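Asks: Let the sequences and hints guide you as you build the complete structure.
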Amino acid sequence: MGESRSGFVALIGEPNVGKSTLLNRLVGSKLSIVTHKVQTTRSRIRGVTVHGESQIVLIDTPGLFAPRRRLDRAMVKAAWAALADADAAVLLIEANRGLTAGASNILERLASNNSYRPSLSIAVNKIDRVRPEQLLPLARAVQSYDFVDAVLFISAANGSGLHELLEWLASKVPEGPWLYPEDQIADLPMRFLAAEITREKLLLRLHQEIPYQLTVETEIWKELRNGSTRIEQVIYVARENHRRIALGPRGETIKAICMAARNDIEKLVGSEIHLFLRVKLREKWMEESMRYAEIGLDFSG
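Quick note: the sequence shown uses our numbering, first residue 16, plus one each step.
Because the hints were derived from the structure by calculation, they are not lab data. Bear in mind that the values here come from a model prediction, so they are computed numbers and not experimental data. Treat the hints with caution; some may be incorrect.
As a list, the in silico DSSO-like pairs of lysine-lysine whose alpha-carbon atoms are at most 27 Å apart [stated by the list, open to error]:
#1 282 to 92
#2 237 to 295
#3 270 to 299
#4 299 to 45
#5 282 to 299
#6 45 to 270
#7 295 to 270
#8 237 to 270
#9 92 to 45
#10 282 to 237
#11 237 to 45
Replies: See the structure below:
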């Protein structure tokens, strides 16, 4: 047996490039919520996986984009902060979109900030969506950055290339004792992960600006004598018409969201769940420091 290793790896990239899908695939469990909508991930989600003698703590970060609102700025700040704290980083780029202006901007910023730049690999994701010959020009483009240690071709959706990615990650985390128990796959409280699952169902069900102007908090988590768990969550929305839409006619929308969320939370927790949702109007929640603290963001950003 070799020396044990353990360290942090930041998954960075533009919104919707597959960071959350990759985290879930590597960890083997759904920790980070996934939707087709950009800016789904708001805070830093940590998942733990093991490869050989290396324990790799993966940090799924919010997508890097040009922020407009305070919440946007806090999300982008969290992503760059995760990179600064990491031992290694993986920049995800979509094979079917190539080296976009956003990805180029990230690489240029990394090039100009080498004082805190960790070991970096570029993972070209979604290779199942392109022909192999389309990958060569993209590989040449990203290899022009001399600080890129490796270029790997993967599909987070079907698992292609992930063994090679794990090999690279395992070699980049420093020698030292493992940071978490062997069977631990996340370092976030279940009540936070449960709130994220409910937010995912809201994102999938609601449209336009509504999902981006709501947040979910778990208020009560009570384990009952029969082994089941009672969970009460509040959904804060910024507008009264958003509250009505989230509830739906005769409460049908919120009932469907509750059922879908309960099913996923039961898979996460491994026991029966009694989930209760309330939708509460809080017009200024995006300007309240307490709401930011609940989702692990810096309000001052």
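Asks: Confirm or reject each hint.
Replies: Comparing the hints with the structure gives:
This hinted pair does not check out: residue 282 and residue 92 have alpha carbons roughly 32 Å apart, beyond 27 Å. Proposed proximity of residue 237 and residue 295 is supported: the alpha carbons are some 21 Å apart, at most 27 Å. Under the criterion of a C-alpha separation no larger than 27 Å, the hint pairing residue 270 with residue 299 is consistent with the structure, at around 26 Å. Distance check on the hinted pair: residue 299 and residue 45 sit about 31 Å apart at the alpha-carbon level, beyond 27 Å; violated.
For the hint pairing residue 282 with residue 299, the CA-to-CA distance comes to about 34 Å; that exceeds 27 Å, so the pair is violated. As the CA atoms of residue 45 and residue 270 are separated by approximately 22 Å, the hinted pair is consistent with the 27 Å bound. A C-alpha spacing of about 15 Å is found between residue 295 and residue 270, which places the hinted pair at or below 27 Å, so the restraint holds. A distance of roughly 21 Å separates the Cα atoms of residue 237 and residue 270; the hinted pair therefore holds under the 27 Å criterion.
Between the alpha carbons of residue 92 and residue 45 the distance comes to roughly 24 Å, so the proposed pair stays at or under 27 Å and holds. A distance of roughly 17 Å separates the Cα atoms of residue 282 and residue 237; the hinted pair therefore holds under the 27 Å criterion. Restraint check: the Cα-Cα separation between residue 237 and residue 45 comes to about 22 Å, which is no more than 27 Å; the hinted pair holds.
Hints 1, 4, 5 from the earlier list are contradicted by this structure; the remaining hints agree with it.
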